[in-house]
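Asks: One letter stands for each residue in the lines below.
Number of protein chains: 4
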Amino acid sequence: MNSLSIPKTMKAWVLDGPEQLRLVEKPVPEPGPAEVLIRIDAVAICGTDVEILTKGLPAWIRGGLPFNKNFTPGHEYMGTVTKLGAGVDEVKVGDRVAVEIHAGCGRCQRCRMGMYTSCLNYGLNYGEHDKGHRANGFTTDGGFAEYAVNHVNTLVHVPEGMSDEEATLIVTAGTAMYGLDVLGGLIAGESLVVTGPGPIGLMSVAVGKALGAAPVILTGTRDSRLQLGTRLGADHVINVQKENPVEAVKRLTQGRGVHYVMECSGAPNALNEAMDMVNRGGRICLAAFPGEPVPVDLAKLVRNNIYVYGIRGEGNSATHRAAALMTQKRFEAKLMHTHTFSLNELPTAFTYFRERIEDAIKVVLKTH
Amino acid sequence: MNSLSIPKTMKAWVLDGPEQLRLVEKPVPEPGPAEVLIRIDAVAICGTDVEILTKGLPAWIRGGLPFNKNFTPGHEYMGTVTKLGAGVDEVKVGDRVAVEIHAGCGRCQRCRMGMYTSCLNYGLNYGEHDKGHRANGFTTDGGFAEYAVNHVNTLVHVPEGMSDEEATLIVTAGTAMYGLDVLGGLIAGESLVVTGPGPIGLMSVAVGKALGAAPVILTGTRDSRLQLGTRLGADHVINVQKENPVEAVKRLTQGRGVHYVMECSGAPNALNEAMDMVNRGGRICLAAFPGEPVPVDLAKLVRNNIYVYGIRGEGNSATHRAAALMTQKRFEAKLMHTHTFSLNELPTAFTYFRERIEDAIKVVLKTH
Amino acid sequence: MNSLSIPKTMKAWVLDGPEQLRLVEKPVPEPGPAEVLIRIDAVAICGTDVEILTKGLPAWIRGGLPFNKNFTPGHEYMGTVTKLGAGVDEVKVGDRVAVEIHAGCGRCQRCRMGMYTSCLNYGLNYGEHDKGHRANGFTTDGGFAEYAVNHVNTLVHVPEGMSDEEATLIVTAGTAMYGLDVLGGLIAGESLVVTGPGPIGLMSVAVGKALGAAPVILTGTRDSRLQLGTRLGADHVINVQKENPVEAVKRLTQGRGVHYVMECSGAPNALNEAMDMVNRGGRICLAAFPGEPVPVDLAKLVRNNIYVYGIRGEGNSATHRAAALMTQKRFEAKLMHTHTFSLNELPTAFTYFRERIEDAIKVVLKTH
Amino acid sequence: MNSLSIPKTMKAWVLDGPEQLRLVEKPVPEPGPAEVLIRIDAVAICGTDVEILTKGLPAWIRGGLPFNKNFTPGHEYMGTVTKLGAGVDEVKVGDRVAVEIHAGCGRCQRCRMGMYTSCLNYGLNYGEHDKGHRANGFTTDGGFAEYAVNHVNTLVHVPEGMSDEEATLIVTAGTAMYGLDVLGGLIAGESLVVTGPGPIGLMSVAVGKALGAAPVILTGTRDSRLQLGTRLGADHVINVQKENPVEAVKRLTQGRGVHYVMECSGAPNALNEAMDMVNRGGRICLAAFPGEPVPVDLAKLVRNNIYVYGIRGEGNSATHRAAALMTQKRFEAKLMHTHTFSLNELPTAFTYFRERIEDAIKVVLKTH
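Residue numbers (my numbering), protein chains in the order written: chain R, 1 to 368; chain H, 1 to 368; chain F, 1 to 368; chain P, 1 to 368.
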């Protein structure tokens, strides 16, 4: 069987302009070589989706381009393989899959090194400049729709018994795993601070603990999120509105500081604090960032031989390793899923997510 | 300009069976997406070509397949870009390029890690199983012909002022560079033994010395080759027929042994000797191998914490870095080029190479 | 408090010659700078101890030296810090500690790189050649005694609630962890074969599974050991007397082979089989070795770009990371502890271990 | 011979307070185990020496400590081994040596990893807290004197034929080499920008070019320094007062940006500019820093997957590798040596260095 029954058209949300989402009927896309068509079963909302909703795509903004009025956002989705493009045997029709965002071009220097999320042909996937790069929901059509086309490189099998909703969290866990990879990967028994209990921060706690990091310390501003962090594996939580986080980390580590910080808050002073939290030779991963340039005390970086790693997305096949931990039930990712809506209800879902109604964390659209 | 004037057919050698080379007229191939057509200007003979000539392709032999009677071998070639496939702007028509052998599929786990010479879809490039892997001269048509199609990932620019003949050596230098990469790469001031003064061994001497290794010690059986090694950068040479190479290495290193061995001889006892040459914690790269299983004293590996790296080809974009050293004239690769023939004279060229007539090292066919 | 009450002399076993263990009264040793005196509470027997018992110390044998008739073997011990040498504040008197074997000299090139188990001054710790290297039980007095001196670098804290007997297994787990480190460390969701269900093999299963490797496949000859492997985390076990292990691994991995092999059997054909088990680009760690040179098909290493890592001991501070997993109760190391004797009963304990009486695995002497 | 003739006392400069250098007569120090006494033959002035002269030692300032009025600064020195401490056979009396600054404690987690310049016992080398850390000229007496004691780990042999003055530059070259190490080390044919033509910047140009980086681009404000950069290997120089350096780098790289930036200027906007100079996935090493926190656009770090490495000093035995390149005369380090004074003339030498009189770069005191 090479395909399931597929309609000619589908429902899909498109973004006409800032805050202008519109539900349309679009042709179901056709998978090319090394691609598959996925029937989307569930899609979650990510903070980046809000950025796109309010400002447009980063590529448009930075490139000074007009809105592509036919563009469908959404990138944290999972579904069922429905049709195979030429040469695909890595998956079968009917397989349940979650998706990575980035399919690199496979031909630039970074892709050839394995750094496909840093593809130098980012965004080049149209017309005569088609280099094959895809970042669904960012540069190619995404998941707020009934169907999407994905490159086989972006597919991660979803194990039996994992719900559709939980599977939308695989790529979030993959981003956390990638962050821990770049920090060195050998973190069993090493001390880790995660700053910011958003989805990537919470997943960094969960993945870090699953790999044996100890202690795992989570900082944040809301007790409910910190409590969730505890359930996901944090050994200690620090509410930064009640306690100075640098002092607390020093206290919890007998003055020694920690080996690693995963910065997931984007707070303006987060990097400076992280540099005070790690010991000499420590490492910091930035998975979030402030909206504007912020003062950074670079002397600390140099004097203390600190390395800082910006990460974009979920590289190094980390999503597969994160999915393996979830398959082995090493942590309860589904604790992060708080709300479910239908595809038609995307605007309401966005409202819940943006206003954190009922303490929403992961808001998921069940599409099929 | 998207193409130079291109004939419909071309001269090409095909291998009908062991030792059965035949010159035929074939259609000039057509480049697909991400590929180019190259007019071959020069092609060198490699030891592996002799293996293929005498036994057939490794894939045929190990797979029990019949000879593909239309197959054209040859993989150490360079030429002029003649036509661009879809989406290619990495090179222009008229560019002079040398080629790497391996174009990975870009979608298996190894390719996604950047290990494209270890592609798990090796050889899968035909029909419904087309994964896009190419290894020209091994699994896809090669360079003993007037034209060949290459994936853009395999192209390395040839600088102005470098002769066609010298440019055929770029991929050999790339293999040597890759070997030094896997040994750790930081070899300035570290001690290096190269065993076997064949083309890869000689290039390992040259690249190792260019990167600052010291001392560089070359072992072999023929003084003429060892003298060439000296001209390419060896600080010491050891004729193993006159001196025990392990003792000589110990003597030259005040008993300490060396940090690294590049094994390029394929001699039955080479790995055992290499383990005696390196110090505790040392590393050995195997770029050659004996035809049959040989006794190895694995206790030395474990007791001395030695790492052994088998390498296949020219991974990690090492060819580009090797070409950069050649462009900067860090060593005289052309010293290794000893004989030139025309495309029609391939059988004679093979004879010179196999029988080492006039001490032949690199025998090159000038094709255009 | 800088010391507990310490006697002048102690009971200690010494090795007069092959198979000639003798219980003597020796002076309690004195810790120097950066050293501590440990009251040994428990010590396990390792396969290497049997080697030493039957043949003498490797250094004596290979160096042609006479037996040091005052030498005390034993290296898998734990105990209580009893006295601090000058400058020690890393531990306190009364702390419970397990020990690593290797204290590097800290001044050779390998130690400066962090490769302290590959210290180039191995064995140099006496008289005018004192470089500070210690490998207790191998080059300096070990743990079949009431007290031992250890460098602070070799100390690993034992958590509350972990029994003395279990704590003797920390260094075994550390060796397994080190093996997984050199294989790359990022093994969650990657496939791992462990060959040989001895203590290091079983611990490799446990640590590998704790880090998320999947599947973990254990091979061996005895069902009881394989069953223990299952309890420690193996997803599949293969009795090599009932099934060809290479075929079984291929079957269990849908023909793909595995990413990693930890070779812990020392069987003559183990490396050849491991090379057939891994896929192209796979990696093999040798933690055991055959007593004599064995035929190895090096062609496979080169053609398939396989890396082989000999490991000596428990480098890279892996013991600390392994202890962290044990502290977090990620696997039940104590399943491997089968028998307990008193210090006086060492000969009997050796007999149980060597003859595998009552399926003995880890045989422990409770010393205090 | 274990010692040369050694006086009881020596001339040495001490720092009484900011700007208060005083020449005194001090006892010649005694080497301990693993240490040697060096007769200082030449010592250069570094920018950090000026920091210390004007503000005191970093440890005093940050720790709120009073000036140690007996402290001798100076860290870029070389000399002759004059006496061996216990257990030293790595060098002989009479050997000419240059020195690294950092001798790690050898027992903290960072030293055990090989990161001895990030020693967690930094500064702990006195009295009961003696962990053996030494950073001569920073935490222990340095080189503005006739003699100094050094740990064997800090010694680098000076080859015959290299002048004393040139040898003082070995540690500067080592710092540059270490920076290139952390950037990945495999830089042949890769593009490198060096910002700031001070001694470390100029050496980064020289070492980078020696290892084959291409192009090497140097930015700065003074044409005389940029010209020197050209003589040391820069392919292009950019005077930032005449041209926007980011635009110039883009122009020189056909819009692609570079792979690596070595930031050696400490300019307030240098990191922001470096992030605009590198391509996606690029890497930046900070070897200098601004005196105060500066605005940094962290979004670029994250969006472009950029890694930033602060480096302290000359880790990873890079000094040995740098010395090997100098021994092989791969670049003319001595071009950086501009002025020579006697030990008595230290204040004048400082004036030349600080006021860049006669375009002073490396100002050296010849001591013996």
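Bear in mind the hints are in silico, worked out from the structure with no lab data behind them. Ideal Cβ positions, reconstructed from N, Cα and C, are used throughout, including at glycine. Some hints could be false.
Said to hold, decoys possible - Restricting the straight-line Cα-Cα distance to at most 35 Å, the calculated cross-link-like pairs of lysine-lysine (DSBU-like) are:
#1 F:Lys92 to H:Lys55
#2 R:Lys300 to F:Lys242
#3 P:Lys300 to R:Lys92
#4 R:Lys250 to P:Lys242
#5 F:Lys242 to F:Lys92
#6 F:Lys250 to R:Lys329
#7 H:Lys334 to P:Lys334
#8 R:Lys334 to F:Lys329
#9 R:Lys92 to F:Lys300
#10 P:Lys300 to P:Lys329
#11 R:Lys242 to R:Lys366
#12 R:Lys8 to R:Lys242
#13 F:Lys55 to F:Lys250
#14 F:Lys55 to R:Lys329
#15 R:Lys250 to F:Lys329
#16 F:Lys250 to F:Lys300
#17 P:Lys242 to R:Lys242
#18 H:Lys300 to P:Lys92
#19 H:Lys242 to P:Lys329
#20 F:Lys300 to F:Lys366
#21 H:Lys300 to F:Lys92
#22 H:Lys92 to H:Lys366
#23 F:Lys242 to F:Lys366
#24 H:Lys300 to F:Lys8
#25 P:Lys242 to P:Lys55
#26 R:Lys329 to F:Lys242
#27 R:Lys55 to R:Lys250
#28 P:Lys69 to R:Lys250
#29 F:Lys300 to F:Lys334
#30 R:Lys242 to F:Lys366
#31 P:Lys92 to H:Lys329
#32 F:Lys26 to H:Lys242
#33 P:Lys92 to R:Lys300
#34 F:Lys334 to H:Lys250
To be verified - Below, a sample of chain P positions facing chain R; criterion: calculated Cβ distance under 10 Å:
#35 Gln109
#36 Gly198
#37 Lys366
Unchecked claim - Ranges of calculated distance between the beta carbons of each label pair, as one might list FRET restraints:
#38 R:Gln254 to F:Leu4: 37 to 43 Å
#39 H:Pro159 to P:Lys242: 28 to 34 Å
#40 P:Glu332 to H:Asn70: 37 to 43 Å
Asks: Against this structure, judge whether each hint is valid.
Replies: Against the structure, the hints:
no., hint, in the structure
1, F:Lys92 to H:Lys55, "violated (69 Å)"
2, R:Lys300 to F:Lys242, "violated (61 Å)"
3, P:Lys300 to R:Lys92, "violated (39 Å)"
4, R:Lys250 to P:Lys242, "violated (47 Å)"
5, F:Lys242 to F:Lys92, "violated (52 Å)"
6, F:Lys250 to R:Lys329, "holds (26 Å)"
7, H:Lys334 to P:Lys334, "holds (33 Å)"
8, R:Lys334 to F:Lys329, "holds (24 Å)"
9, R:Lys92 to F:Lys300, "holds (32 Å)"
10, P:Lys300 to P:Lys329, "violated (39 Å)"
11, R:Lys242 to R:Lys366, "violated (38 Å)"
12, R:Lys8 to R:Lys242, "violated (56 Å)"
13, F:Lys55 to F:Lys250, "violated (39 Å)"
14, F:Lys55 to R:Lys329, "violated (48 Å)"
15, R:Lys250 to F:Lys329, "holds (26 Å)"
16, F:Lys250 to F:Lys300, "holds (17 Å)"
17, P:Lys242 to R:Lys242, "violated (51 Å)"
18, H:Lys300 to P:Lys92, "holds (32 Å)"
19, H:Lys242 to P:Lys329, "holds (33 Å)"
20, F:Lys300 to F:Lys366, "violated (47 Å)"
21, H:Lys300 to F:Lys92, "violated (39 Å)"
22, H:Lys92 to H:Lys366, "holds (22 Å)"
23, F:Lys242 to F:Lys366, "violated (38 Å)"
24, H:Lys300 to F:Lys8, "violated (41 Å)"
25, P:Lys242 to P:Lys55, "holds (34 Å)"
26, R:Lys329 to F:Lys242, "holds (33 Å)"
27, R:Lys55 to R:Lys250, "violated (39 Å)"
28, P:Lys69 to R:Lys250, "holds (32 Å)"
29, F:Lys300 to F:Lys334, "violated (39 Å)"
30, R:Lys242 to F:Lys366, "violated (49 Å)"
31, P:Lys92 to H:Lys329, "violated (39 Å)"
32, F:Lys26 to H:Lys242, "violated (54 Å)"
33, P:Lys92 to R:Lys300, "violated (39 Å)"
34, F:Lys334 to H:Lys250, "violated (46 Å)"
35, Gln109, "holds (8 Å)"
36, Gly198, "violated (14 Å)"
37, Lys366, "violated (31 Å)"
38, R:Gln254 to F:Leu4: 37 to 43 Å, "violated (23 Å)"
39, H:Pro159 to P:Lys242: 28 to 34 Å, "holds (30 Å)"
40, P:Glu332 to H:Asn70: 37 to 43 Å, "violated (58 Å)"
The structure fails to meet hints 1, 2, 3, 4, 5, 10, 11, 12, 13, 14, 17, 20, 21, 23, 24, 27, 29, 30, 31, 32, 33, 34, 36, 37, 38 and 40 from the earlier list, while all remaining hints are met.
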